[in-house]
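*Asks:* Chain residues, written in single-letter form:
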Amino acid sequence: MDIGILEKGFQQHVDAEKKIEAKDWMPEKYRNTLIRQISQHAHSEVVGMLPEANWITRAPSLRRKVALLAKVQDEAGHGLYLYSAAETLGAERADLVEALNDGSAKYSSIFNYPTLTWADIGAIGWLVDGAAIINQVMLQRTSYGPYSRAMIRICKEESFHQRQGYEMMLTLCNGSPEQKAMAQDALNRWWWPSLMMFGPTDKDSPNSALSMKWKIKRKSNDELRQDFVDNSVPQAKILGITIPDPDLKWNEERGHYDFGTIDWEEFYNVIKGNGPCNRQRVEARKTAWEKGRWVRDAAVAYADKKKNKEKDAA
Amino acid sequence: MKQQEVLFQYLLRLGDTNLILGHRLSELCGHGPVLEEDIALTNIALDLIGQSRILLSYAAKAEGQGRTEDDLAYLRDVGQFRNLLLAEVPNGDFAVTICRLFLYSAYTCELLTLLCDSKDEYLAGYAAKALKEATYHLRHSTNWMVRLGDGTAESHHRLQTALNRLWMYIPELFDGDAIDVQLQETGIAPDPNVLKEKWNTRVNAVLAEATLNRPPDQWMGKGGRDGIHTEHLGFILAELQYLQRAYPGNQW
Ligand SMILES: [Fe+2]
Ligand SMILES: [Fe+2]
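Top to bottom, those sequences are chains A and B. Number 207 in our numbering belongs to position 166 of the first sequence; there are no gaps in the numbering. Number 822 in our numbering belongs to position 48 of the second sequence; there are no gaps in the numbering.
Please keep in mind that the hints were generated in silico from the structure rather than gathered at the bench. Being a predicted model, the structure only gives us computed values, none of them experimental. Some hints could be false.
[Unchecked claim] Some chain B residues flagged as far from chain A (calculated, every beta-carbon gap over 10 Å): (1) R913; (2) R921; (3) E946.
[As the list claims (entries may be wrong)] Restraint-style ranges between C-beta atoms, simulated for each label pair: (4) B:Y1016 <-> A:C196: 52 to 62 Å; (5) A:E331 <-> B:G853: 55 to 65 Å; (6) A:K348 <-> B:P989: 28 to 38 Å; (7) A:T328 <-> B:T935: 40 to 50 Å; (8) A:R77 <-> B:Y896: 17 to 27 Å; (9) B:Y1016 <-> A:E208: 18 to 28 Å; (10) B:V955 <-> A:D345: 44 to 54 Å; (11) A:D345 <-> B:N987: 34 to 44 Å; (12) A:E62 <-> B:D845: 25 to 35 Å; (13) A:A344 <-> B:V955: 23 to 33 Å.
Using N, Cα and C, we set each Cβ at its ideal position, and we do this for glycine too.
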């Protein structure tokens, strides 16, 4: 069939708000865009385990320790669903992991920042999971069926993480002066990187228009970022800590908060691999993978032996 | 020793061992050999620390001094910990991690089965719940024992080496003392000798299937249950207790 007709049919299907499923025809660029986006998302879940796992052994109470372990375990589960969603498009998980390990695949820039105090774990739950939810709520309605369904499943857990993180911040802010200072310091360090999570401004993100047309995305980076700022300001007020942005103020006319300019030089540097923890994060993933090689080989060898034994017996 | 004091000590032994082994496994979170295994080991760490919370809370109650699970976990020093030394052993490679979990889970499965009939109702209730988790830990680690033992030459060698290394910590599991005797007499805890027999049967079967040699039994000094630990525990506690020690008295 003529590719133009196929493309037209595809677009009509999308415009009618129907989901594209794995076996449906789709433009190659739609497929590749999705593989890239979903695998980056999966990598972010997996790399995102590292800064939080950094505090599991030092959690300040057994209740907090168990909650943090459960949270990091959820993130690993999100990684698994997302790798599976990418596989429905014909990608191989082993190749995707390889690309993460050799540094060629991207993941969310936020996880290249260090977790320096316990309050960082609260700030990540509150801000980073909070930013992720804003993006993922939108993606629940993405045009690709398997991705949309993975997001619906994941979003429930993310909102639990966000509430848990916020509650940790609240406890710190109602605690001793040292604890409150710890919370403020975490907000100072995580605020701007959280805003960067939504990606470049609309005028600098050329692929966005096509993603919107295909309904992979439904809101632009800047719209999502604005939602995040509008949500976060009243939350910070309740905590009694200050968002580190002197330009932040309510704009009556727009019905939104205005906020200062993001340091895009920092953003692009972190994306390029020069962030404070890029090298450690990729190295940790690579080391785990390489150290696990003999284990994976043994599992394959054992399965083969077992299969042969069964064949001999039959 | 008074009955409550004996019970307190016994609960510390169980609770501390789960806490320290759970801590060790939690160190691996994010670093597993494959994502599915990362999830499984984190899950087991969660179970063990969850169990230790129940045990330490009950220990605090038995002690009757108004302490909490966190007071016990965060504000005791090395000499007051009562865990088995096996739990403190560093994670090493995946063979050590799995072998340690297998040897311990084989022990807790037998222990918890017998504790289900304890005259202490609370402990019996705990055992029934924890046994389900321990059964999964044993199944998971047994599967790996067999896969690694009968996998490649390298995995076999690594696992046999791990087993040989860990074997010195086994006698402590069954080393009954006055506390065990008193609890056995009152029907609260089982006879360590009965446990040992059941453990041997189970472990021997798995070692045979995994094509591993059972190491010869060896002498070892007394340890964890009297507060004499390996050099590792101090570092574990330095990490585990850091925030409570650096900011005393705060709520988190
Ligand atoms: Fe997640
Ligand atoms: Fe999350």
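*Asks:* Quick one: work out the minimum CB distance from B:R921 to chain A and report holds if it exceeds 10 Å, violated otherwise.
*Replies:* Violated: least Cβ distance 4 Å, not greater than 10 Å.
*Asks:* May I ask you to test the hint 23 to 33 Å on the CB atoms belonging to A:A344 and B:V955?
*Replies:* 47 Å, violated
*Asks:* Given the range 40 to 50 Å, decide if the beta-carbon distance of A:T328 to B:T935 lies inside it.
*Replies:* Check failed, 21 Å falls outside 40 to 50 Å.
*Asks:* 52 to 62 Å was suggested as the range; check whether the CB atoms of B:Y1016 and A:C196 agree with it.
*Replies:* 34 Å, violated
*Asks:* Taking the CB of A:R77 and the CB of B:Y896, does the distance hold inside 17 to 27 Å?
*Replies:* Violated - the Cβ-Cβ distance for A:R77 and B:Y896, about 55 Å, lies outside 17 to 27 Å.
*Asks:* Using the C-beta atoms of A:E331 and B:G853, is the stated range 55 to 65 Å upheld?
*Replies:* The hinted range 55 to 65 Å is violated for A:E331 and B:G853, with Cβ atoms some 39 Å apart.
*Asks:* Given the hint of 44 to 54 Å, is the C-beta distance from B:V955 to A:D345 inside that range or not?
*Replies:* 51 Å, holds
*Asks:* 28 to 38 Å was suggested as the range; check whether the CB atoms of A:K348 and B:P989 agree with it.
*Replies:* 31 Å, holds
*Asks:* Is the distance from the Cβ of A:E62 to the Cβ of B:D845 consistent with 25 to 35 Å?
*Replies:* Because 55 Å falls outside the window, the suggested range is violated.
*Asks:* Would you assess whether B:E946, listed as outside the interface, keeps its beta-carbon beyond 10 Å of every beta-carbon in chain A?
*Replies:* The claim holds: B:E946 sits with its nearest Cβ about 24 Å from chain A, beyond 10 Å.
*Asks:* Note whether the CB distance of B:Y1016 and A:E208 lies within 18 to 28 Å or breaks it.
*Replies:* Once the Cβ atoms are compared, 22 Å apart, the range 18 to 28 Å for A:E208 and B:Y1016 holds.
*Asks:* So is B:R913 really clear of chain A, every C-beta pair being over 10 Å apart?
*Replies:* 16 Å, holds
Violated hints for the displayed structure, listed by number in ascending order: 2, 4, 5, 7, 8, 11, 12 and 13.
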